[in-house]
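Residue numbers (my numbering), protein chains in the order written: chain H, 2 to 83; chain U, 382 to 795.
It is possible that part of the hints are untrue.
[Unchecked claim] To give an idea of the chain H side of the interface with chain U (calculated C-beta under 10 angstroms), a few residues:
#1 13
#2 14
#3 21
#4 22
#5 26
#6 32
#7 33
#8 41
#9 43
#10 44
#11 46
#12 52
#13 54
#14 72
#15 74
[What the hints assert, rightly or not] Derived lysine-lysine pairs resembling BS3-like cross-links, with alpha carbons at most 25 angstroms apart:
#16 H:49 - U:508
#17 U:585 - U:508
#18 H:49 - U:676
#19 H:49 - U:445
These are computed hints drawn from the structure, not numbers from a lab.
All residues carry an ideal CB built from backbone N, CA and C; glycine is no exception.
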Amino acid sequence: MDTLELIRGALADYIDTPAENIVPEAVLADIGVDSLTLAELLFDLEDKHAVHLGDDIPRPVTVGDLVALVAPYLGGSGALAA
Amino acid sequence: MNRRVVVTGLGWVTPLGRDVDAAFDALLGGRSGLALHRVGTGEPSYEVVAGICREFDPVAEFGKPRSNQMDRFSQLGLAAALDAWSMAGLEHLSPEARETVGVHWGTGVGATATMDRGYQDLLVNKKARISPLSIVLGMHNAAGSHIALALGLGGPCSTHSVACASATMAIGQAFQAIRAGSADVAVAGGSDAPFGLGSVAAWKSLQVLAEGDQASAPRACRPFSADRAGLVLAEAGAALVLEDYEHARARGATILAEMLGFGASCDHSHLTKPFQDGQVRALRAVLRDAQLMPKDVQYVNAHGTATQEGDPTEIAALRAVFEADAAALRVSATKSMHGHAMGAAGALEACITVMSLRRQRIPPTAGCEEVDVSCQGVRHVLGVGQDAADLRVALSSSFAFGGSNAVLALGQPG
Numbered sequence: 002m003d004t005l006e007l008i009r010g011a012l013a014d015y016i017d018t019p020a021e022n023i024v025p026e027a028v029l030a031d032i033g034v035d036s037l038t039l040a041e042l043l044f045d046l047e048d049k050h051a052v053h054l055g056d057d058i059p060r061p062v063t064v065g066d067l068v069a070l071v072a073p074y075l076g077g078s079g080a081l082a083a
Numbered sequence: 382m383n384r385r386v387v388v389t390g391l392g393w394v395t396p397l398g399r400d401v402d403a404a405f406d407a408l409l410g411g412r413s414g415l416a417l418h419r420v421g422t423g424e425p426s427y428e429v430v431a432g433i434c435r436e437f438d439p440v441a442e443f444g445k446p447r448s449n450q451m452d453r454f455s456q457l458g459l460a461a462a463l464d465a466w467s468m469a470g471l472e473h474l475s476p477e478a479r480e481t482v483g484v485h486w487g488t489g490v491g492a493t494a495t496m497d498r499g500y501q502d503l504l505v506n507k508k509a510r511i512s513p514l515s516i517v518l519g520m521h522n523a524a525g526s527h528i529a530l531a532l533g534l535g536g537p538c539s540t541h542s543v544a545c546a547s548a549t550m551a552i553g554q555a556f557q558a559i560r561a562g563s564a565d566v567a568v569a570g571g572s573d574a575p576f577g578l579g580s581v582a583a584w585k586s587l588q589v590l591a592e593g594d595q596a597s598a599p600r601a602c603r604p605f606s607a608d609r610a611g612l613v614l615a616e617a618g619a620a621l622v623l624e625d626y627e628h629a630r631a632r633g634a635t636i637l638a639e640m641l642g643f644g645a646s647c648d649h650s651h652l653t654k655p656f657q658d659g660q661v662r663a664l665r666a667v668l669r670d671a672q673l674m675p676k677d678v679q680y681v682n683a684h685g686t687a688t689q690e691g692d693p694t695e696i697a698a699l700r701a702v703f704e705a706d707a708a709a710l711r712v713s714a715t716k717s718m719h720g721h722a723m724g725a726a727g728a729l730e731a732c733i734t735v736m737s738l739r740r741q742r743i744p745p746t747a748g749c750e751e752v753d754v755s756c757q758g759v760r761h762v763l764g765v766g767q768d769a770a771d772l773r774v775a776l777s778s779s780f781a782f783g784g785s786n787a788v789l790a791l792g793q794p795g
């Protein structure tokens, strides 16, 4: 599974936005991901995949930023064209 | 000079449903919303008689992003407050006017599900950390904050945690603020969702919960009855919009009832044992505040939890205050049907009292077939509701653990 698909799956627990609208250029705040939800999501991803994204990570603004942030840790391709 | 305060909106989410008229009709019919409910999925878990708002779906109501950021007690409270605001017809109140509107909320046990989840992760799942939302979901003032956020209300946002008197105390504070002229409109009420595993375990340990099986659960809570066997936990949210009378009239609002007074006291005698003198002080305080004589009151929506000690103490306090008028005073405990909603109870029962005034009908104490000899001396409304064409003034009482007592006086508008 590429990272975008993984993010889409993870976000389904947190937002109502249809998967097809969770695209790399989508702004996270516009699709219902505020700072609190983002923190919860990142904790959840770290726990599920037993990785640590770091203590001082840049805050992603778009879905693409989020994919780029987590892809190196989750073994995904980070292929944003998916 | 004191201003008159009126109720222009109410809303509730209850074990008997969300629709105000339908739920009140259910109460008048003596219908119970209590049933067996399993708390917890592992070991231990408990099957308890409970009042659960089964039809309430927070995700459908608020969407995932917002509902995920609220514990159930906040979800119930927000839903009730939005309904009350809508009933009050305040959707078009300007942003500037909303900056002075306060939220006065009550919760007794707060975010029990969130606390459970955190301890489960720490102690059972052995996680080194818990959800970053734990604080914002778990704080007692979360419900009030969500209401203020959703409605854009910029006045004072206070939360009262006074066990079973929480919402009554909150409503009283809102009433006093409007009466004194510091606000024209306020949202007041309470919410609780006490079905976290730890919360239920704690209540079971106190040995005050009524037990029952599937058949007997709906009538497990029998206040004032000779065979009463304890209280039934419930979840609920309930809210009122309180408003300055002139403000309500100027905008053509429907006035549901007038809030006439508020009285409070502390037993200062015992943490859990109810105390007649403390309740008497609260009852006399509300009558004094509302400038009422005992004979002016026709109905009391009692605290009535169906505990061995609480019910006789409450009736004794009513007898002491109402003296010769006690025998004609109609009394009922609607917890027999919706259960004990903890910090929300006072708001739910204040809303029921408003509906009683509005419909001129008094809901009953259900399940009580024989009034205990220790609970006699008032005119109990039993079984099904009664018509009450003479109903002009009613009280709604909350007598809490910790010895905190609070009573509201409500009257017909006009």
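So, going through the hints one by one against the coordinates:
| no. | hint | in the structure |
| --- | --- | --- |
| 1 | 13 | 8 angstroms, holds |
| 2 | 14 | 7 angstroms, holds |
| 3 | 21 | 17 angstroms, violated |
| 4 | 22 | 14 angstroms, violated |
| 5 | 26 | 20 angstroms, violated |
| 6 | 32 | 9 angstroms, holds |
| 7 | 33 | 4 angstroms, holds |
| 8 | 41 | 5 angstroms, holds |
| 9 | 43 | 9 angstroms, holds |
| 10 | 44 | 6 angstroms, holds |
| 11 | 46 | 13 angstroms, violated |
| 12 | 52 | 14 angstroms, violated |
| 13 | 54 | 13 angstroms, violated |
| 14 | 72 | 22 angstroms, violated |
| 15 | 74 | 17 angstroms, violated |
| 16 | H:49 - U:508 | 12 angstroms, holds |
| 17 | U:585 - U:508 | 28 angstroms, violated |
| 18 | H:49 - U:676 | 66 angstroms, violated |
| 19 | H:49 - U:445 | 20 angstroms, holds |
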